[in-house]
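Number of protein chains: 2
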Amino acid sequence: MTQSDLPHFSRRISRLTSSLIRELLALTQQPGIISFAGGLPAEALMPPLSLEGVPPALRQYGTTDGEPGLREALSARLNAQGLACPAENVLITSGSQQGIDMVAKVFIDEGTPVLLEKPAYLAALQVYGLYGAAMQGVAVHPDGIDMDSLRAVCAAQRPVFLYINPSFQNPTGYSYSDARRRELAAFLDEQNIVLIEDNPYGELSYDAPQPAPVSAYLKSAPWVYLGSFSKIAVPAWRVGYLAADPRLAPVFRKIKQGTDLHTNRPGQWWCEQFLRDEAGLAAHLDRLRDYYRGQRDAMEAALNEHMADVAEWSAPQGGLFFWVRVHAVEDTRALLDEALARQVAYLPGEAFYPPGSGVCNAIRLSFSGVSRESLNEGVARLGALFREHRR
Amino acid sequence: MTQSDLPHFSRRISRLTSSLIRELLALTQQPGIISFAGGLPAEALMPPLSLEGVPPALRQYGTTDGEPGLREALSARLNAQGLACPAENVLITSGSQQGIDMVAKVFIDEGTPVLLEKPAYLAALQVYGLYGAAMQGVAVHPDGIDMDSLRAVCAAQRPVFLYINPSFQNPTGYSYSDARRRELAAFLDEQNIVLIEDNPYGELSYDAPQPAPVSAYLKSAPWVYLGSFSKIAVPAWRVGYLAADPRLAPVFRKIKQGTDLHTNRPGQWWCEQFLRDEAGLAAHLDRLRDYYRGQRDAMEAALNEHMADVAEWSAPQGGLFFWVRVHAVEDTRALLDEALARQVAYLPGEAFYPPGSGVCNAIRLSFSGVSRESLNEGVARLGALFREHRR
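Listed in order, the protein sequences are those of chains A and B.
Mapped onto my numbering, the consecutive letters of the first sequence carry residue numbers 211 to 601.
Mapped onto my numbering, the consecutive letters of the second sequence carry residue numbers 211 to 601.
Just so you know, the hints here were simulated from the structure itself, not pulled from any lab data.
Accuracy of the hints is not assured; some may be wrong.
Unchecked claim - On the chain A side, residues computed to face chain B include the following (Cβ under 7 angstroms):
1) Tyr271
2) Asp311
3) Ile318
4) Val539
Claimed, not checked - Result set (DSBU-like, lysine-lysine): computed pairs, CA atoms no more than 35 angstroms apart in a straight line:
5) A:Lys464 <-> B:Lys429
6) A:Lys464 <-> B:Lys328
7) B:Lys464 <-> A:Lys328
Virtual Cβ for every residue (Gly too), placed ideally from N, Cα, C.
Could you build the full structure based on these sequences and the hints that come with them?
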């Protein structure tokens with residue numbers, strides 16, 4: 211079969227972006243490389259897998275919404291964070307990635323205007339692009355989204371939704387201040403723009419209690435809140451959740467059914483046990499935060515030691531990443547090969563912008579899975595590399 | 211917020227069909243009702259859930275394609291059935307429902323012409339409709355799809371794909387003969403139409419070895435084969451698979467990533483153990499087939515006893531359903547309320563046709579979850595109901 215004999219694909223397929231990131235990640239997984247490129251949580255700290263005591267009835271097909279006990283436990287946690295959401299408006303998803311995909315299904319036709327942060331979570335960029343959204347980016351700073359840019363963009367064309375990672379964003383680690391959260395919520399209320407708040411890292415807050423959801427400050431604008439167990443428990447279960455405004459939850463429930471009927475029930479049961487053991491959960495989260503805080507501090511020290519003259523950054527107060535702007539160079543993607551030759555890897559910032567956005571001098575560094583010793587050595591190698599290529 | 215303040219939804223949402231089936235199923239689940247309406251496999255025969263021995267490394271994020279061992283085991287099973295498919299072209303899905311959704315993503319734009327059987331698997335109808343396909347149906351008979359109708363429909367407008375359940379179809383229980391499979395494959399080759407072969411019931415073959423996949427007979431047309439563990443193992447795991455032509459597999463792999471990153475790994479590991487224990491698997495499948503064969507025979511006897519004068523059917527050689535055409539009446543949906551008042555339930559045939567197809571005198575009866583005694587009593591009540599309403 212020649213190329214001309216290939217089947218007729220949907221227009222969506224012509225928008226599939228090349229898997230730059232997967233190619234990069236494959237490169238960075240060679241043995242011996244000190245890799246700051248991946249974003250995986252630390253496996254050693256994950257709780258054990260076990261299904262001891264699972265009811266046999268959980269072998270049967272389940273409901274599209276998810277297990278009632280898990281939805282109730284999540285509703286209680288959201289309420290405690292200030293986001294009033296009854297269990298009936300909590301939908302269990304197959305990871306929060308499925309929530310992102312369902313948001314696209316519910317809101318995006320070809321050409322639908324949507325807003326994301328600049329830079330943005332890569333997989334959201336890819337999915338919204340696949341569905342044909344007209345994406346615009348709004349700059350984010352260490353204290354949150356740039357309100358002036360947001361107002362200007364919305365004045366030019368009203369977007370259907372704004373998708374954000376307001377707490378310890380991937381890739382920047384930036385987290386919106388409480389004042390910015392309130393200001394943003396008031397603006398969204400005024401404009402009646404849907405908020406899509408994706409919050410996988412909120413629990414990984416190292417210096418203060420986790421911030422209140424932006425959704426909690428909304429008075430009238432519709433909202434969708436995406437949550438995950440992947441960064442605090444076991445990503446392999448692929449259990450996440452979508453909490454939504456009562457006006458939106460029923461639509462997502464109907465969309466979920468055709469997508470995969472329901473999320474796996476053993477995983478939901480496991481996550482429910484994980485949440486129900488309150489003392490165990492608190493101790494586990496403390497251990498996680500202690501470990502990551504130490505890693506964060508070690509990376510900050512290494513950056514201060516080895517890269518202060520070539521780059522700038524804002525140390526994150528949570529999450530897994532440093533976003534480092536290497537002012538000494540123009541294009542960090544062009545230097546990745548040489549970094550790999552020196553047995554150190556990062557993710558070029560370019561990956562977190564829509565395709566065609568041009569070169570970028572930032573890098574994302576993950577401090578999750580690298581030993582303390584390697585961490586310092588890796589940052590030293592990067593500092594030397596950027597210094598040698600100083601423009 | 212008034213209706214006019216509701217957010218802008220995608221056009222997809224306007225195509226969400228009413229959840230007729232869910233409403234019906236809710237009705238039929240009242241206590242005391244003898245229900246032939248559901249399609250759930252028998253829970254008592256499902257193997258136990260256990261994760262004893264699962265490697266701790268399976269807590270981490272996994273690959274989009276799925277676990278290599280499971281993909282190899284599935285490839286070996288497909289090869290044994292005559293469908294040559296290397297493990298690299300087997301993609302693990304979150305249930306075969308996700309395969310149906312991904313097929314829509316890959317092929318369907320608004321107005322894309324696609325073919326299904328008439329009647330068709332309900333959830334496929336809903337998903338392809340949601341994506342905006344222009345769906346046409348081709349009649350199926352107890353020995354398979356009507357080739358004359360298929361030729362006529364394809365002559366009028368070439369479809370992008372043909373979606374079929376050729377083995378013990380849901381809802382009819384019909385299974386294509388080997389001759390029909392070959393004839394269909396030759397026609398698809400000639401027309402270069404993509405075959406989407408959905409085969410959740412193939413292993414539940416009660417009177418003969420399971421039929422060879424239609425895909426195995428193709429020489430040049432592209433194909434996608436959807437498989438499931440839900441009817442032979444544990445549906446709650448939501449583990450299925452999509453095997454595809456080497457020209458299509460890479461496209462599905464890219465689509466899967468944005469959909470939910472990957473399928474849950476504990477479930478994949480469990481399914482791999484389930485397949486690897488060959489003696490245990492063979493004994494388990496024998497038990498399943500013995501049980502369902504007995505149920506099938508009991509329903510056939512009950513139909514012969516109580517409904518021979520009002521209806522006709524073709525006893526299925528596998529799967530979970532009888533498709534009963536009640537020639538005594540015109541509209542089985544209109545009679546459902548009265549059936550429920552008599553404490554017996556069925557699914558009206560109308561549910562398995564596109565919305566707006568008009569009334570239907572068929573019913574789908576599942577013999578999976580009803581005790582022998584109730585089975586005879588329920589069919590007797592239905593016979594009496596239809597006899598009283600004979601037109």
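Comparing the hints with the structure gives:
1. Tyr271: holds (5 angstroms)
2. Asp311: holds (5 angstroms)
3. Ile318: Holds - the Cβ of isoleucine 318 (chain A) comes within 7 angstroms of chain B, reaching about 6 angstroms at its closest.
4. Val539: Constraint on valine 539 (chain A) not satisfied, violated at 30 angstroms.
5. A:Lys464 <-> B:Lys429: violated (39 angstroms)
6. A:Lys464 <-> B:Lys328: holds (24 angstroms)
7. B:Lys464 <-> A:Lys328: Status holds; Cα separation ~24 angstroms.
Checked against the numbered hints above, the structure breaks hints 4 and 5 and satisfies the rest.
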